[in-house]
Amino acid sequence: MKKPTSRVPFSGLDRRSLLGGSAAVGLGALLGSGLGGFASKPALAKKRTVHFGSSLPLTGPYEKVARIYKDAYEFWSETVGGKMIVGGQEMDVTWTVYDDENNAARTAQLTERLITTDKVDLIVGAYGTDTVLAQGAIARKHGRITIQAGAASQRVDEEIGGHTTFTLVGQARSYGKLAVQKLVAAEPKPKTLAIVTFNDPVYLEMSAGLKDFAAANGVDVVLEEVLPMKVQDLRPTVLKMKRLGDVDIVYNCGWDVICIKLVQEFLALDFTPKAFVGGHLTTNAVVKETLGKNLEYALGVTFWLPQMAHSDSHFASAEAFADAFEASKGYTPTYHAAMAYTVPYLYQQVLRDASGDDPFDPDSLRASLAGLNEVPTIWGPITFNEKGRLNFPGLPVLQWQGADPQLTVVHPESLATGQLAYPMPSYRNRA
Amino acid sequence: MLDVLLFGFLRGAVFAMAAFGFSLVLGVLGIVNLAHGVFIVLGAVLTYALYNEGLPLIIAALIAAMTTGLLGVLIQRLFIARVFDMHPLMVLVQTFGIAIVISEIANIVFGTSERLLRVDVPGLPIIELGNLFVPTYELIVFAIALASAGLLAALLRYTQFGKAVRACRDDLASATLVGINTPRIFTLTMGLCGLWAGLAGALILGLRPTAPHMHFMWTVDAFLIVIIGGLGSISGALIGGFIYGVLNFAAYYYWPSVAPAVIFGTLIAVLMLRPQGLFGLGQVVRK
Amino acid sequence: MTIEAVSGRAPRLSPVSESRRQLLFIAAFLGIAAIMPFFLDGYWQRVLIFTFVNIALASSWNVIGGVAGYPSFGHGAFFGIGAYTSALLMIRGDYPLVVAILGGGLAAGLFALCFIPLFRQRGFYFALSTLAAQLAVENIVRNWSFTRGIEAWDMGWNFPDIGSLNFFYYLMLGLLGLCLVSIVFLLGSRVGYALKAIHKDEVVAASVGIPTTRYKAIALVFSAVWPGMLGAAYGPFLVFISPDNVFNLTITLNMILIAIFGGIGTVIGPVLGGLVLSVIDQIAWANFLEYHHLIYGLMIVAIISFWPGGLVSLIAKWRAR
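Quick note, the sequences are listed as chains D, F and X, same order. The opening residue of the first sequence carries number 3 in our numbering; numbering runs sequentially from there. The opening residue of the second sequence carries number 4 in our numbering; numbering runs sequentially from there. The opening residue of the third sequence carries number 16 in our numbering; numbering runs sequentially from there.
Careful: at least some of the hints might be erroneous.
Stated by the list, open to error - A partial selection of chain X residues facing chain D, derived with a Cβ cut-off under 7 Å:
1. Asp56
2. Arg61
3. Asp109
4. Leu112
5. Met170
6. Asn173
7. Pro175
8. Asn181
9. Tyr185
10. Leu188
11. Val254
12. Asp259
13. Phe303
What the hints assert, rightly or not - Derived coverage of chain F by chain D (criterion: at least 3 residues anywhere in the stretch with Cβ under 8 Å from a Cβ of chain D; other residues may be distant):
14. 43 to 50
15. 68 to 79
16. 260 to 272
Treat the hints as calculated values from the structure; they're not laboratory data. Predicted, not measured: the structure shown is a model, and the values here were computed from it. We treat Cβ as the ideally placed atom computed from N, Cα and C, and that holds for glycine.
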């Protein structure tokens with residue numbers, strides 16, 4: 003079924019790791035993994051298990067988001083009933099997911115472990131730019147491929163994209179495209195834009211894209227505030243906007259807490275732009291919980307919503323996916339869940355009809371993934387460009403509307419559920 | 004310019020409040036407590052948790068502050084007392100370890116997310132000062148911080164405990180000689196430090212997002228404030244807080260992306276040029 | 016405060032035999048480590064490489080922090096500077112690894128000279144000034160377009176693949192060996208005695224004519240050059256570096272912890288400390304996923320509170336029986 007020589011030099015390495023187990027003083031107990039490799043050896047002759055491997059920042063500040071990824075992997079396994087078809091043959095699915103603490107050195111170690119010790123068949127990407135790049139470097143060394151849904155930076159494309167890594171996140175540069183498009187069509191036409199961004203690749207790429215769209219649409223960027231990632235206080239930033247006077251649009255490239263703080267500082271300083279775009283995490287529950295009615299009129303962009311018209315071979319609609327996910331995991335899936343679920347789903351799609359001696363052969367996997375054309379998934383239709391990056395049209399634009407603000411899609415027309423309310427009334431004059 | 008000064012100044016009082024305990028401990032015990040930031044974030048996180056359980060905010064804040072005060076007492080009795088006369092390095096590493104342990108427990112029990120509380124004063128959420136708007140809550144926090152400084156200063160000046168604390172700070176050997184129970188004073192000082200820092204944390208919850216993993220940043224901030232203002236007096240810490248508040252606000256206003264470099268560069272410059280602090284009584288650290 | 020009080024050991028000016036014993040120990044350690052790749056898979060080799068780097072870093076820190084008694088909390092800066100120098104030389108300049116490693120050491124050494132004015136501080140104040148210096152340097156590296164990356168939005172550097180895992184294993188082991196041997200010779204020399212005298216009582220040392228500032232400067236530069244070289248080799252090993260992974264505060268803290276855990280101020284201490292701590296780390300990580308940070312913290316507190324002399328003092332106590 004597979005060419006032993008092409009992928010797993012099992013005659014050499016396994017014995018070595020076993021010897022290591024007995025030789026390394028004090029390390030013996032830890033080499034259970036080496037034994038695991040041994041246990042799987044007889045199975046090589048007639049393989050019945052597909053082994054997925056991944057690492058996530060399961061402890062530390064990204065713990066919450068990492069849990070969602072892990073839940074989504076589990077949810078996928080539940081959905082397929084723990085089995086998947088590989089080249090016409092049914093196989094069991096197992097997962098190994100390690101904690102990488104969002105530490106690049108640890109991720110490199112763990113990827114080495116997944117490949118050489120655990121001998122996983124398929125690698126699912128890490129979360130975070132540093133860790134995805136560190137993981138990709140190891141995978142590249144071993145000639146393996148990964149599908150990742152955890153880093154949007156262009157650096158990923160340039161270093162590991164296409165040959166090693168396929169990326170399910172769209173280019174950060176186009177996150178704000180549709181929002182700018184929609185706002186410049188509004189009356190009175192906004193003339194100035196202030197960008198709040200962060201000193202990290204993804205955020206800087208986002209604001210670089212925004213500056214391009216603004217220039218193309220005749221909007222002046224009057225402020226691009228690049229803040230350190232650990233910034234605590236946004237009053238200096240909002241004070242600067244207030245001083246500038248005629249700021250029509252404020253666009254937050256940052257995350258949910260920054261969106262909350264910006265609105266609170268708008269309130270505190272009585273500053274109201276014509277439009278405020280809270281960024282791609284405005285839809286997180288904590289934003290509405292904290293801001294309540296003050297969120298009204300705020301705009302956001304989003305990767306994914308259950309009401310989008312996506313489907314895959316298990317779920318007829320994104321809504322159905324969301325309901326099943328909530329029934330299993332107890333919370334409404336965020337876009338992370340849909341994206342992470344799609345990683346094993348894509349492997350499932352390309353492996354189903356795989357042929358040849360070794361369906362897991364990286365070269366054929368790479369070719370199948372590169373050849374995907376508008377494959378329907380819960381995450382949207384999937385096509386990768388030559389850098390292994392998902393082609394995507396830009397992020398739909400939402401607005402919080404009503405006194406108890408509810409999400410309304412205002413752009414693009416195909417998804418719209420309501421009209422853009424613009425400009426927003428002064429915070430002070432609201433009831 | 005004026006608004007940068009005003010907002011920095013308003014923030015400064017609560018920064019100072021967060022640093023009073025640090026200053027006292029450094030003065031009296033002669034140690035830098037790297038677990039100091041834990042009192043602040045724990046004060047905030049506990050207040051948030053209790054408030055969400057339905058307690059009134061003020062009660063929640065007081066219970067949180069008393070918990071951190073008790074924690075200070077325990078840390079001193081169980082751990083710091085064992086090593087505080089060793090090389091400073093030992094205390095630094097030990098208290099850092101304590102900080103890791105407590106913040107990890109807080110992560111496990113309360114979760115890692117950043118907490119924010121929007122506190123609006125009913126009826127009058129914003130006060131106009133000239134052409135500036137200031138949230139009423141921030142003025143109240145400012146007033147509480149100033150009042151707490153006054154209370155602490157009075158405590159040190161007029162009570163028996165305060166006299167003993169000052170004796171320990173000025174000359175530990177003589178204080179022991181005249182029969183002051185120094186271990187007890189040390190323990191009470193740490194308790195006071197935890198209490199004040201926890202209360203500051205509760206107030207900060209309404210100003211900045213706070214999470215357990217931010218403890219070290221607060222420790223460093225407290226050190227900065229004490230260094231700028233100079234050791235040994237509540238007024239020194241208060242002045243340090245004001246200067247740091249303005250410096251912090253100005254750095255983020257004028258040079259946002261290199262603000263940390265500006266702030267830490269200033270700290271190093273102060274340490275080199277005026278190690279006793281800008282307004283300090285003199286260097287009282289014995290080690 | 017003296018080394019003896021810290022480590023609980025009887026004072027002894029290291030006679031020649033002690034140097035020889037230390038060199039023998041180092042040789043035995045290197046010998047065993049050199050044959051390990053024949054028995055270990057990629058993961059464990061990577062774990063060991065990481066352990067070697069940590070031991071070498073802790074040993075270098077030990078010269079200024081343990082022997083001279085100036086607890087630097089900013090030593091991670093030298094490691095980061097080495098890694099970034101290596102990135103600039105190899106990626107911007109296309110130089111070979113050897114040049115990068117020497118350049119990393121040189122850059123860190125030169126930068127250490129800027130730290131010399133901080134010697135006006137002692138104890139807590141020195142520790143926190145050096146910490147502030149590290150944080151400031153990290154912030155500058157993050158923002159300066161020359162250092163931050165190739166493109167304006169980049170944050171960090173991607174090295175080309177230049178060697179196999181085995182190559183890096185022996186490279187790091189070699190650097191560790193050289194580092195340890197150089198420390199034995201340094202401590203056995205006039206500089207070593209001077210540093211111990213400074214630790215014991217700086218005023219007395221100065222009064223008997225020891226040029227304390229000069230010796231402290233030598234110690235600081237020495238203990239910065241090695242982290243610089245290690246950082247320079249570590250960059251291409253990790254392939255991707257950014258301020259988050261090479262200027263991380265945990266790098267500094269690990270140096271200090273390993274030195275204390277093994278036995279501060281001793282040559283053998285950091286080696287033992289690094290090995291044992293990495294075993295404990297692996298066990299904690301493999302078995303108590305949710306709690307391994309907590310375990311790490313508890314261990315620190317327990318060691319300092321109950322065995323401040325570290326492993327070396329425990330062994331000494333046990334042998335004295």
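Hint-by-hint comparison with the structure:
Among the interface hints, the one on Asp56 of chain X holds; its C-beta lies about 4 Å from the nearest C-beta in chain D, closer than the 7 Å criterion. Restraint check, Arg61 of chain X versus chain D: the minimum CB separation of about 5 Å is within 7 Å; hint holds. For the restraint placing Asp109 of chain X at the interface with chain D, the shortest Cβ-Cβ distance is roughly 17 Å, beyond the 7 Å limit, so the hint is violated. Interface hint at Leu112 of chain X: violated, since its Cβ lies 16 Å from the closest Cβ of chain D, which is beyond the 7 Å cut-off.
Because the closest C-beta pair between Met170 of chain X and chain D is about 5 Å apart, less than 7 Å, the hint holds. Taking 7 Å as the C-beta contact cut-off toward chain D, the hint placing Asn173 of chain X at the interface holds, the least distance being around 5 Å. The beta carbon of Pro175 of chain X is not positioned within 7 Å of any beta carbon in chain D (closest approach about 10 Å), and the interface hint is therefore violated. With a least beta-carbon distance of about 12 Å to chain D, the hint placing Asn181 of chain X at the interface is violated under the 7 Å criterion.
Hint status for Tyr185 of chain X relative to chain D: violated, with the closest Cβ pair at about 17 Å, above 7 Å. Because the beta carbon of Leu188 of chain X sits about 15 Å from the nearest beta carbon in chain D, more than 7 Å, this interface hint is broken. The beta carbon of Val254 of chain X is positioned within 7 Å of a beta carbon in chain D (closest approach about 4 Å), and the interface hint is therefore held. This hint holds: Asp259 of chain X has a C-beta 6 Å from the nearest C-beta of chain D, less than the 7 Å allowed.
The interface hint given for Phe303 of chain X is broken, as the beta carbon of that residue sits about 11 Å from the closest beta carbon of chain D, more than 7 Å. Counting residues of the stretch 43 to 50 of chain F whose beta-carbon sits less than 8 Å from any beta-carbon of chain D gives 0, not enough to reach three: the coverage restraint is violated. For the stretch 68 to 79 of chain F, the proposed coverage by chain D is not satisfied: 0 residues have a C-beta within less than 8 Å of a C-beta in that chain, short of the threshold of three. Restraint check on the stretch 260 to 272 of chain F versus chain D: 3 residues with Cβ-Cβ distances below 8 Å, three needed, restraint holds.
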